[in-house]
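Chains W and D are the protein sequences, given in the same order. So the first sequence is numbered by my numbering: it starts at 1 and just counts up by one. So the second sequence is numbered by my numbering: it starts at 1 and just counts up by one.
Because the hints were derived from the structure by calculation, they are not lab data. Some hints here could point you the wrong way.
Have a look at the derived ranges for each label pair, beta carbon to beta carbon [what the hints assert, rightly or not]:
(1) D:Pro311 <-> W:Ser321: 44 to 54 angstroms
(2) W:Ala102 <-> D:Ala9: 29 to 39 angstroms
(3) D:Pro353 <-> W:Arg106: 21 to 31 angstroms
(4) W:Ser346 <-> D:His142: 48 to 58 angstroms
(5) D:His142 <-> W:Glu295: 36 to 46 angstroms
(6) W:Gly264 <-> D:Asp201: 54 to 64 angstroms
(7) W:Ser346 <-> D:Ala102: 42 to 52 angstroms
Values in this document were obtained by computation on a predicted structure and should not be read as measured data. Heads up, the beta-carbon is just placed ideally off N, CA and C, and yes, glycines get one too.
Number of protein chains: 2
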Amino acid sequence: MTVGPPLPADLQTPCLVVDRDVLEANLAGMASHARGLGVSLRPHAKTHKCLEIADRQLALGAVGLTVATVGEAEVFADAGCADLFIAYPLWAAGSRGRRLRALAERVSLRVGAESREGVELLASTLAGTATAVVIEIDSGHHRTGVTPEFAGEVAAAAQGGGLRVAGVFTFPGHGYGPGERERAATDEARALGAAASSLRDAGLEARVRSGGSTPTAALLDPHTLTELRPGVYAFSDAQQIELGAAGWDSVALTAAATVVSRRGRNLVLDAGSKVLGADRLPWATGYGRLLDHPEARVTALSEHHATVSFPTDGPLPDLGSVVRVVPNHVCTAVNLADELVVVADSALIDQWPVAARGRNA
Amino acid sequence: MTVGPPLPADLQTPCLVVDRDVLEANLAGMASHARGLGVSLRPHAKTHKCLEIADRQLALGAVGLTVATVGEAEVFADAGCADLFIAYPLWAAGSRGRRLRALAERVSLRVGAESREGVELLASTLAGTATAVVIEIDSGHHRTGVTPEFAGEVAAAAQGGGLRVAGVFTFPGHGYGPGERERAATDEARALGAAASSLRDAGLEARVRSGGSTPTAALLDPHTLTELRPGVYAFSDAQQIELGAAGWDSVALTAAATVVSRRGRNLVLDAGSKVLGADRLPWATGYGRLLDHPEARVTALSEHHATVSFPTDGPLPDLGSVVRVVPNHVCTAVNLADELVVVADSALIDQWPVAARGRNA
Numbered sequence: 001m002t003v004g005p006p007l008p009a010d011l012q013t014p015c016l017v018v019d020r021d022v023l024e025a026n027l028a029g030m031a032s033h034a035r036g037l038g039v040s041l042r043p044h045a046k047t048h049k050c051l052e053i054a055d056r057q058l059a060l061g062a063v064g065l066t067v068a069t070v071g072e073a074e075v076f077a078d079a080g081c082a083d084l085f086i087a088y089p090l091w092a093a094g095s096r097g098r099r100l101r102a103l104a105e106r107v108s109l110r111v112g113a114e115s116r117e118g119v120e121l122l123a124s125t126l127a128g129t130a131t132a133v134v135i136e137i138d139s140g141h142h143r144t145g146v147t148p149e150f151a152g153e154v155a156a157a158a159q160g161g162g163l164r165v166a167g168v169f170t171f172p173g174h175g176y177g178p179g180e181r182e183r184a185a186t187d188e189a190r191a192l193g194a195a196a197s198s199l200r201d202a203g204l205e206a207r208v209r210s211g212g213s214t215p216t217a218a219l220l221d222p223h224t225l226t227e228l229r230p231g232v233y234a235f236s237d238a239q240q241i242e243l244g245a246a247g248w249d250s251v252a253l254t255a256a257a258t259v260v261s262r263r264g265r266n267l268v269l270d271a272g273s274k275v276l277g278a279d280r281l282p283w284a285t286g287y288g289r290l291l292d293h294p295e296a297r298v299t300a301l302s303e304h305h306a307t308v309s310f311p312t313d314g315p316l317p318d319l320g321s322v323v324r325v326v327p328n329h330v331c332t333a334v335n336l337a338d339e340l341v342v343v344a345d346s347a348l349i350d351q352w353p354v355a356a357r358g359r360n361a
Numbered sequence: 001m002t003v004g005p006p007l008p009a010d011l012q013t014p015c016l017v018v019d020r021d022v023l024e025a026n027l028a029g030m031a032s033h034a035r036g037l038g039v040s041l042r043p044h045a046k047t048h049k050c051l052e053i054a055d056r057q058l059a060l061g062a063v064g065l066t067v068a069t070v071g072e073a074e075v076f077a078d079a080g081c082a083d084l085f086i087a088y089p090l091w092a093a094g095s096r097g098r099r100l101r102a103l104a105e106r107v108s109l110r111v112g113a114e115s116r117e118g119v120e121l122l123a124s125t126l127a128g129t130a131t132a133v134v135i136e137i138d139s140g141h142h143r144t145g146v147t148p149e150f151a152g153e154v155a156a157a158a159q160g161g162g163l164r165v166a167g168v169f170t171f172p173g174h175g176y177g178p179g180e181r182e183r184a185a186t187d188e189a190r191a192l193g194a195a196a197s198s199l200r201d202a203g204l205e206a207r208v209r210s211g212g213s214t215p216t217a218a219l220l221d222p223h224t225l226t227e228l229r230p231g232v233y234a235f236s237d238a239q240q241i242e243l244g245a246a247g248w249d250s251v252a253l254t255a256a257a258t259v260v261s262r263r264g265r266n267l268v269l270d271a272g273s274k275v276l277g278a279d280r281l282p283w284a285t286g287y288g289r290l291l292d293h294p295e296a297r298v299t300a301l302s303e304h305h306a307t308v309s310f311p312t313d314g315p316l317p318d319l320g321s322v323v324r325v326v327p328n329h330v331c332t333a334v335n336l337a338d339e340l341v342v343v344a345d346s347a348l349i350d351q352w353p354v355a356a357r358g359r360n361a
């Protein structure tokens with residue numbers, strides 16, 4: 001199997017390579033899906049961290065961007081993005097609070113909240129700004145977020161502190177398991193619906209009911225959700241393929257790597273955990289996949305070595321040849337790179353800085 | 001338990017914090033250990049990637065630095081380090097070959113090799129330079145490297161191609177397992193000794209017999225090894241603690257993180273896999289440890305969330321408080337950060353750029 005055109009010659013491996021045409025198809029496909037359902041698309045920019053890709057998402061109809069940190073929000077605000085949602089229960093104290101307030105004074109800003117203490121800090125930090133608070137709900141991933149029934153109480157505290165409450169959001173991360181996507185999408189809709197009821201009981205309207213992840217995006221309930229926040233769909237990755245949420249033809253980003261060693265049916269590549277990331281969910285079949293060799297598995301990973309095992313009897317890539325590795329989790333792989341090499345039809349056409357790389361604070 | 005002085009106030013979490021005094025003690029301790037054994041110390045700079053730390057290692061007697069990539073070598077060469085060992089089986093083709101040759105013309109350079117094909121490329125790339133080749137041996141980690149008995153054949157090919165052969169090296173990575181350090185150190189010495197014999201049989205001298213990792217450094221055989229290449233010892237990490245290779249008082253680097261959410265005995269911190277790295281060897285008890293709460297475990301990790309479980313009945317850190325997380329694997333954590341915050345006695349005294357961050361090619 002060979003997917004798409006070959007790589008340009010003499011790439012400095014390891015490096016991350018974006019296929020511009022596949023990226024564009026992914027972006028257009030999700031935009032069309034959201035439009036068809038009548039749901040707003042607010043892509044999570046933590047996946048790509050690139051101004052060029054954010055621009056395309058907004059041009060294709062996204063209502064704004066989702067980010068995870070104040071630092072990411074600053075990068076996209078500096079580049080002119082006027083509508084940002086920090087989908088994270090920020091602790092808005094000290095210098096982080098001051099940076100958040102400065103952001104709120106120059107863009108349309110939404111921030112997540114899930115505790116009374118967090119809401120109190122936001123209220124004192126953001127007093128007098130138009131920032132909207134969105135209450136985070138746990139829909140089954142059990143990471144952050146309140147139970148749907150408690151949403152009204154946190155929302156009322158926010159309202160009481162002088163904050164504007166826009167609605168509720170959740171991340172159905174428990175959809176990242178084989179056979180779990182349908183259940184997670186159902187849980188997501190149920191939790192957002194119940195949280196909206198809880199706000200109603202507190203005299204508040206959940207105008208925004210925001211959910212969606214790449215694995216559940218195709219299954220979302222447009223009667224309950226008003227907004228979709230997928231990130232990975234831009235590039236796809238090995239997790240999406242192994243979950244059955246995307247096909248090989250959706251892979252827009254790979255790590256170009258050189259075969260540096262060979263021992264029997266095992267090859268070693270020069271892209272290790274400092275390029276691919278070390279993410280490996282319990283059900284993953286390895287540390288990544290090879291785009292042109294779906295039968296192979298990355299069976300071991302260290303900082304600068306990926307060991308790839310070929311189980312069958314077919315030909316092996318030669319020493320010195322360049323192969324394309326599909327990272328397990330593209331968000332962490334992108335965050336390791338300073339730039340993305342952009343190709344179209346086997347030609348290097350651009351290099352995009354990963355503008356928000358490492359902006360974790 | 002509280003280890004060392006508290007952190008300075010109002011750090012922008014998450015961030016990586018280096019305790020200068022613990023770092024200095026770690027650097028001096030390993031330098032003294034190597035000196036006492038009469039073995040050269042050539043620290044692996046992939047751990048810290050910082051010019052300031054490399055300077056201290058060299059000032060304390062290191063004979064040069066070890067690096068993993070041409071890009072890392074370029075950074076340290078630019079900063080004046082005159083003796084570099086790229087301990088990796090480089091594929092020296094195309095632009096990488098040209099960069100390698102440029103390096104060889106300005107510093108004292110050693111490069112790894114483990115295949116005839118790799119050696120042929122090095123020979124044509126480095127013809128006429130003083131670069132030395134060091135043959136990589138597999139001492140039991142089964143990643144890269146030839147069997148000791150085959151070392152002479154690869155070395156003879158290098159010599160035949162006009163390259164200078166300095167000796168042999170190995171990474172006893174199989175020492176990264178509970179109870180495996182002693183066996184790995186024994187394997188390391190045996191493999192290097194056998195490889196030296198193989199070179200002798202081919203009429204070559206293995207003047208350099210280089211080994212050593214942080215877990216095996218204390219156990220090395222100074223009759224066989226001439227050189228030691230540990231990296232992690234500068235900072236230590238949770239893997240070293242859980243292996244029994246270092247104590248809590250050796251931890252010189254932590255991720256400062258804020259408690260953003262709480263549910264029962266579980267807290268969520270704002271340092272996730274984009275700060276700590278997702279490394280987790282099968283025997284690790286979690287995704288990292290807390291310096292001041294050894295009973296706690298990082299039980300789940302996503303990009304911007306670390307879930308910490310406290311198993312006992314003691315007090316929990318408050319929402320909004322800052323805790324110190326010890327990454328499982330410090331090398332990958334450092335490679336995620338643009339700079340390290342340096343503290344001494346609870347005061348912020350410096351910020352060091354991670355100069356070779358992301359230089360994977």
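Worksheet item: What hints, given by number in increasing order, does this structure fail?
Response: 2, 4, 5, 6 and 7
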